[in-house]
Amino acid sequence: MNFLPNTDKDREEMLKVIGVGSVEELFSDIPSDLRLKGDLNIPPGLSELELAKHMQELASKNAAQDYVNFIGAGSYDHYIPSVVRHVLGRSEFYTAYTPYQPEISQAVLQSIYEYQTMICELTGMDAANASMYDGASAAAESVTIAAGMARRKRALVSSTVHPETRAVIRTYADAHDIRVEEIDYKDGITDTGCLAGKLGDDVACVVIQQPNFFGALEPVDEISAKVKGAGATFIVSVNPMTLGLLRPPAEYGADIVVGEGQVFGNPMAFGGPYLGIMAVNKKFLRRMPGRLVGMTTDNQGKRGFVLTLQTREQHIRRERATSNICSNQALNALAAVVYLSWAGKEGIRQIGEQCVQKAAYLADRISRIDGYSIAWQAPFFNEFAVKCPVDAGQVVESLLEKNILAGYPLGRCCPGLEQYLLIAVTEKRTRQEMDALVAGLEGLA
Amino acid sequence: MRSPEPLIFEISKPGRRAYSLPELDVPARDVAELLPESEIRREPAGLPEVSEIDLVRHFTRLSQLNHGVDIGFYPLGSCTMKYNPKVNEDAANLPGFNNIHPYVPDELAQGALQLMYELQSYLAEIAGMDYVSLQPAAGAHGELAGILIIRAYHRARNDMKRTKILIPDSAHGTNPASAALGGFTVVEVPSDERGGVDVEALEAAMDETVAGLMLTNPNTLGLFDENIQRIEKIVHSKGGLLYYDGANANAILGTSRPGDMGFDVLHFNLHKTFGTPHGGGGPGSGPVAVKSFLEPFLPVPTVVLEDGKYRLSYDRPQTIGRMKSFYGNFLVMVKAYAYIRSLGPDGLREASRDAVLNANYILRRIAGYYDVPYDRHCKHEFVISPGKIKKETGVRTLDISKRLLDYGVHPPTNYFPLIVDEALMIEPTETESKETLDYFADALIAIAKEAYEDPEAVKSAPHTTVVGRLDEAGAARNLNIRWEKPE
Amino acid sequence: MSYPENLKYTKEHEWVLVENGNARVGITSYAQDQLGDVVFVELPEVGTELKAGAMFATVESVKAVSDVYAPVSGTIVEVNEALNDSPELVNEDPYNDGWMIVIELSDPSELDNLMDSKAYQKMVEEGGE
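Which chain is which? The protein sequence lines are U, H and V, in order. Residues 1 to 445 (this note's numbering) make up the first sequence, in order. Residues 1001 to 1487 (this note's numbering) make up the second sequence, in order. Residues 2001 to 2129 (this note's numbering) make up the third sequence, in order.
Isolated chain U, as found in the complex (with noise of 0.2 Å):
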C-alpha cells in the first residue's frame, strides 16, 4: 500500500518539465557505489485491512490491558472522558505543525495559552511554557538553567525522586559537568539533616518531588527554608492532579515547578507520549526553554495570539539558547486543556479527593493484614507504599493470577526495599476491586 496521488502519466509530464528522462537522474548526485543496489530488507508492504489485522493481534498480545491496576509510580490509571479523544480526533489539530504561521495556527496557539493558565492556576507560578517532553526531561533542564544562571555545579537531589527522573538528571548535568549529589530518605521522606548538612553556596540547585516517589507528602516549608537559606533554585517536581486539593508550590517558596502531565487526559501507553509541564517565577522567565504563547492584537485591533520571546530558542540562538527542545508534547497538552476544561474548578478538587479517599481505605484494609503494614508515617494523596512479609516482587507475581496488577516493587530501584510494595489508587478503582486485593495480600500473609 503506498500513498501516492500521482499516476505514471502525471510522473511523465513531469518529467518533461524537468527536462530529465526518468526519475533515476534526479538521484544521479548521489556516488554510485551509495546507493542500493536491491531492496531493503523489511517486510513487503501490507493493504489497509492486512495491516489494521496485524496490528490488532500485536495489541490483543498485551495482555495488561485486561488486568486491574494499582501500579503508580509516575503513570496514573485515570478516567479519561470521552470528550478528549473527541477533541484530540479533529485534525485541524493533530495535522498541523508548530504554529509558526499565526495567522492559520490560532487554534493551536489559543489552545495553548488556555494551557499556560491552567498550569499557572494550578501551580501558582508566573509562568509556564507549552510544554517538554516528560515530568523527567523537564526537572532535568532545570537543573541546567538553574546551575546555568547561578554559575554553581552542584545540585541536590532527594532520593525520594522518581529513580528515572534522577536518571535523567544526571544524563544532563553530566554533560555540563554538574555534580548530582542524593539527599537520604528517613521515613519515607527527604532527611532535612542530610539536606542542611549538604547544602552551601556552591549549590545551584534542590530538587524535590511533591508527593513524593513513596507517595508521601514532604515537609515542603522546613525543606524550603532551608534551600532558601543557602541561595539554590527551588526545583519541585508535582504530581499535578494533587494541585486541586494540595497547595500551590508558588505558596511554599518553589522556584520552578516542574511534574507529569499524564494524569490530565493521557493514556498509560506503555510509557508515552506523555506531557512535561514546566512552570517558573518571573525569575527565570527567559531562561525557561521551550514555546511560549502570548496574546497580541493583529494589524485591525483584534486579539490573536503568537509565539513569543522566541530568542530563547534554538532556531536563533543556535548554540546559545537555553535548550535544544524544537518538537515538544503540543497534542498532550491539549489533551491536558480539554480535561482540566472537562473537570474544571470543582471536578479537579473532587477528583483529586476522591483519590485520598480511596488510597485511604485501601491503606487501611491492607494495614489490618496479618503481616503487612504501611511503611511509613507521613501522611499521603493516592499512593502509599506496603511492606510485605515476603518479596514484594512474589506478591505482584501471585496477584497476577487474579488478574491484579498488585503494585511497583519499590525493591526494583531502592535497594534494602525488597519488601515494600508502592499501591496507586485512582478515581477508578472500585471498593471491589480493593477488597480482591485485601484477598489476594491475605492469601499470601
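Incorrect hints may appear among the rest.
Listed below are several chain V residues computed to face chain H (Cβ distance under 8 Å; list not exhaustive) [unchecked claim]:
| id | residue |
| --- | --- |
| 1 | Asp2037 |
| 2 | Val2039 |
| 3 | Phe2040 |
| 4 | Glu2042 |
| 5 | Val2062 |
| 6 | Pro2087 |
Keep in mind that the hints were calculated from the coordinates and are not lab data. Glycine is no exception: its CB is placed at the ideal position from the N, C-alpha and C atoms.
Given the coordinates of chain U, work out where chains H and V should sit on it, guided by the hints.
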C-alpha cells in the same frame, strides 16, 4: 468569515460542569483528617466551569481556525508535512496499546515489546546501522542522545581533548544547540558555492580536538552533498565521528543509507519521515541508531528477544543513561511501525522518489520567477529567494508567505537556511498530486507578478484569515502569557 | 540614516559620546534598523569592569539576538534602566534616550581607535560588516 473564539475562561459560568464522578463507594472521611491542614489548598484553582456542549463547541470552533495537512497543502521545508494515514491513527488508539502501564511485567506487554523490537530492526536496516534506541522523544532529543554517545565514546577511550563539534552553516538550529547542551563548543563550517560543505575549510578545521561532525544530507538546501565520501575520510582520519541528522531522510529512503555513507550515529524523526502526524508541535519521536562500536553507549533500556520472549534490557554498563522516563513516545512508534509495514521496501522507495520528483517539478515551474541560489537538481526540498523582486518592489519573503495564506496554502519555511538571504524553503512531499503542485506553483507565479502590479496587496496580506498580521513586537514587549480574571 | 558628528563609532555599530571623561554607549541607527523592533535589552550591572571588545549587553528583536560590545575599557558607572520597560527607545531614539551604559574610561587613548562619523558612514554605505 470565521470569527475569533473567546477563551474557555471567558465562557465559564459558576456552577456549570462537564464532569461526573461515581458516588464514593468507600466510607467517607474528613479530608482534614487524611491530609495535614497546612497542605490543603485554600483557594480553588481558577479552572473554567463549562458544560460539555460549551467545551465541545469551543474546541471545535477553535479547531476551524487552524490549517493542517488534512485541510490543504503544507510545503513547509525540512518539516516533511506528508499525509498521515488514518489506519495508523486507529492502530494507535487500540485499547491494547493505550491501557498498559509502563511497569507491567514484560510477559503482559509482549505485543508492545514485539512492535518496538521490530521497529528497532526496521529502522536499523533503513539507516544501514546496527543498533537502535527508541527512547528519544523528538529529533532534537535524539540529537542530544547522539552527541552524548559521541562524548561517551571519546571519554571511554580516555581521549579527553575532543571538545569541539563541527557543524555546517546551513544546519538546523537544533544541531548547534544540541552540541552545546551536550557540553561541546560549536565550530561552524562554511558551505561551498555548490551548497555543500566547503571541503577545504573542513579539512582546515578538523584536528584532534574535534569530537565529530554533524551533517544533514541532503542538507537544508535540499542538496545531496556530492563530496560525502571525502568528508567521511577527513573526519574519520583524524579520529572524529560522523553524526547524521535524519530530518531530511525522506529524500533517500530505500535509495541510499547513511550507514553506507560512513555515518556512525544518527537520529530519525518518525514524525517527519515515517508519516506520524505532528500534533501542532508534538509529540514526535527521535530514535537514535548507531554502528556496533557505539552500542555500549546507547540509552537504556532497549528491547531484546530471548527464547522467543521480548524483554526490556538494562544491561549496558557504559550507557549514557536515560534520556527520559520509560521507553519513548510509544504511541508515535505504533504509527511509524504501521507506516513502515504498510509501505514495505517498494513503498518506501517509491514515496521517496515521488517526494524528489515533486520538489524538482515545482522548482522548474517557478524558476523563472524567483532567484534560485543553487540551481541543481534538488532532493525532497529546495530553497528560492525573492531577491530580485525585493530589490525592485520591496516585497519580501514574509509578504509572499502571508499572501500564500490567501490561497489556502501553508507558506514554505521562511528565512531559513540562514545562508540564503530572504530564503523560502519548499518541501512538497510525495503525498501531493500534480494538481496541487500546479496550484501552488501558479499561486507563487501570480504573487511574483502581483508584487510588480500591486505591491501593497502583497505587503498587506493576508486578507482572508481570521486575524491579520499580528503584532509580534508588541507581544514580546508587553508580555501577556496567561489569562487573568478581570477585576 | 543619521550619523551624528559629535559621536565616535565602532565596526560593530556601537556609538560613543565622550562627556566629562566618561563614555556614553549605545547602538547606531543603522544597527537598530537592521535588528527591527527591539523587544528586550539585557543590560549589565553598575560596577562591572569591561575590556574593550567585551560583550556587555544583548539586544533582542522579535526574531534576532545581537551582542553589544564595549568600544573602550573601563568600569560601568550607569545603565539605562528605562530600557527595561521601554526597549523600543533603542529604535525610536538610538542616539539619545536609547543609550545603554556609561563607562568610566580606564584608558582614554583607546578612543583614538574608533571611527569618526564620516568613516563610519562610509563603512555602512559600502555594505557594513
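Exercise for review: Compare the structure with the hints numbered earlier in the document and write down the numbers of the violated ones, lowest to highest.
Suggested key: Of the numbered hints, just 4 does not hold.
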